[in-house]
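2 protein chains.
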Amino acid sequence: MKKKVLIVHAHPEPTSLTRGLVEVSVETLQQQGHEVLLSDLYGMQWKAVFDEHDFPFRADPQRLSFVTESGHSYATGQQAPDIASEQRKLLAADAVILQFPLWWFGMPAILKGWVDRVFANRLAYGFKGAGNRYRYGEGGFKGKRALLSVTVGGPANDYSPRGINGPLEQLLFPITHGTLFFPGMDVLPTYAVYGTGGIPAERVAAAKAAWRLRLERLFEDTPIAFRPQNAGDYPDGHELASHVATGQSGLPAHDASTQTALHHQDGGTEIPASLRQSTSELK
Amino acid sequence: MKKKVLIVHAHPEPTSLTRGLVEVSVETLQQQGHEVLLSDLYGMQWKAVFDEHDFPFRADPQRLSFVTESGHSYATGQQAPDIASEQRKLLAADAVILQFPLWWFGMPAILKGWVDRVFANRLAYGFKGAGNRYRYGEGGFKGKRALLSVTVGGPANDYSPRGINGPLEQLLFPITHGTLFFPGMDVLPTYAVYGTGGIPAERVAAAKAAWRLRLERLFEDTPIAFRPQNAGDYPDGHELASHVATGQSGLPAHDASTQTALHHQDGGTEIPASLRQSTSELK
Chain A
515 MKKKVLIVHA HPEPTSLTRG LVEVSVETLQ QQGHEVLLSD LYGMQWKAVF DEHDFPFRAD
575 PQRLSFVTES GHSYATGQQA PDIASEQRKL LAADAVILQF PLWWFGMPAI LKGWVDRVFA
635 NRLAYGFKGA GNRYRYGEGG FKGKRALLSV TVGGPANDYS PRGINGPLEQ LLFPITHGTL
695 FFPGMDVLPT YAVYGTGGIP AERVAAAKAA WRLRLERLFE DTPIAFRPQN AGDYPDGHEL
755 ASHVATGQSG LPAHDASTQT ALHHQDGGTE IPASLRQSTS ELK
Chain B
515 MKKKVLIVHA HPEPTSLTRG LVEVSVETLQ QQGHEVLLSD LYGMQWKAVF DEHDFPFRAD
575 PQRLSFVTES GHSYATGQQA PDIASEQRKL LAADAVILQF PLWWFGMPAI LKGWVDRVFA
635 NRLAYGFKGA GNRYRYGEGG FKGKRALLSV TVGGPANDYS PRGINGPLEQ LLFPITHGTL
695 FFPGMDVLPT YAVYGTGGIP AERVAAAKAA WRLRLERLFE DTPIAFRPQN AGDYPDGHEL
755 ASHVATGQSG LPAHDASTQT ALHHQDGGTE IPASLRQSTS ELK
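From first to last, the protein sequence lines are chains A and B.
Positions 515 to 797 (the working numbering) are the ones given, in order, by the first sequence.
Positions 515 to 797 (the working numbering) are the ones given, in order, by the second sequence.
These are calculated hints, taken from the structure and not from any lab test.
Incorrect hints may have been included.
No copy labels: a pair is met if it fits in one copy or bridges any two.
Stated by the list, open to error - As a list, the in silico DMTMM-like pairs of lysine to aspartate or glutamate whose alpha-carbon atoms are at most 25 Å apart:
| no. | residue 1 | residue 2 |
| --- | --- | --- |
| 1 | LYS561 | GLU527 |
| 2 | LYS517 | ASP747 |
| 3 | LYS603 | ASP672 |
| 4 | LYS516 | GLU549 |
| 5 | LYS561 | ASP750 |
| 6 | LYS642 | GLU716 |
| 7 | LYS518 | GLU716 |
| 8 | LYS722 | ASP750 |
| 9 | LYS516 | GLU753 |
| 10 | LYS561 | ASP596 |
| 11 | LYS517 | GLU753 |
| 12 | LYS517 | GLU716 |
| 13 | LYS561 | ASP747 |
| 14 | LYS561 | GLU734 |
| 15 | LYS642 | GLU541 |
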């Protein structure tokens, strides 16, 4: 079935690996009959900095509160045109793919600024003006899928469960969980290419082939099992219930697949709840 | 003893809590006889986007590689003036304090762009042109202290060990460990003020008082016990040795205090190495 897919990408060099993977995205998705929406942030000269110019009609001209002015601008239809345009693309899309080089274990500033400016109050947070009532599995972007495609300079073992940088999926948790799942998107496991400095042509070809397979399964793959706020695991809307992910804490505790995987790796051995800790190596 | 402290901050509203805490920083550090260097990113209209304009003299005019051009520009003294100026401040400083509102569980784009542009190849990574030989405890910023001061909209329990957002120190790991410890800085535990939306005056006063105490101990407090790359814990420079943090994985495994804390919490009980997992709740 024909879907709409928004691709937001952040590398200015047309021959970069990131851009090569973007080309694969466009080609593969179009071949499948999907409609592709593109946000080439460098090409658009996207304004990265969230500032007072984004609020031409202020709720409070005296004091700049981003939360207040973002919600006011969104609710009254007085947003900066580039912000409104990106929101329209997002709202039209069935899936959103962010493609970027990993810089300092996060997004390039131009992409972070896309999030800062486009993910407005009352849309991406404070949904329906109801504070944190709707978040993590519910919110303005519910029903959409999201997927990160990152190019990483360092080798894969630096990002392994006990690798020196930390596991990639944990480093990206502020994006996958905190930015994409927060307003309701179903987030797929990240696609990463490692060791991209001076990457040989055959590895580029292999990376593109693997990415093509991921794209073909964009609407079939199983999302990360992040726990929704309002389905019982967080009775007070803040902390995990004591019977949920018992003995676990930290980032992996918010992925419902973690405990299952733990038991699996341990060959079914029952681990006392008091000893179960975060099981990041299994993500 | 008189020291130099660089404060980099990222909020344009003079009456914001972030800026109020910046004022406390300047006042407190100067009262102690230290010299304060300031980078008011909004005030400076800092260029957030790392792009081709940052490399007026290219090693390869045909194809833009950020790694190549950053290293080339740094090594040949041909950097953009604003980048070189920030590096001079950083290199002069004994400590660096980043003060910012937490936006989408990370830095505002203007501050991420300060890192992207200022943390150059051959200085903050690829030190001495030796790839990853010197990193995590060694590198261009070795011997300096670093400290984050963040203002957070949500309540503290959302960031507790089992809080729905994830523990703050794990969400900030890409910054504390991956950005500041990476080039050699000793990183202190993060200072955070939660629940900043409509924060009452007495809580602002309390937050400023607590921040003042942290500033007064800036050169005495014990840094986070991040494991250095080249002191034995990572024999191959990539992954933890099997005898180090045995049974742990994920982000907390790179903090040497984690295991000790685990034993402490468990009243000295010996936990089988095979069952020891990440102990994020203890951070």
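Discussion item. Output the indices of the hints that this structure fails to meet, ascending.
Written reply: 2, 3, 5, 6, 7, 8, 9, 11, 12, 13, 14 and 15
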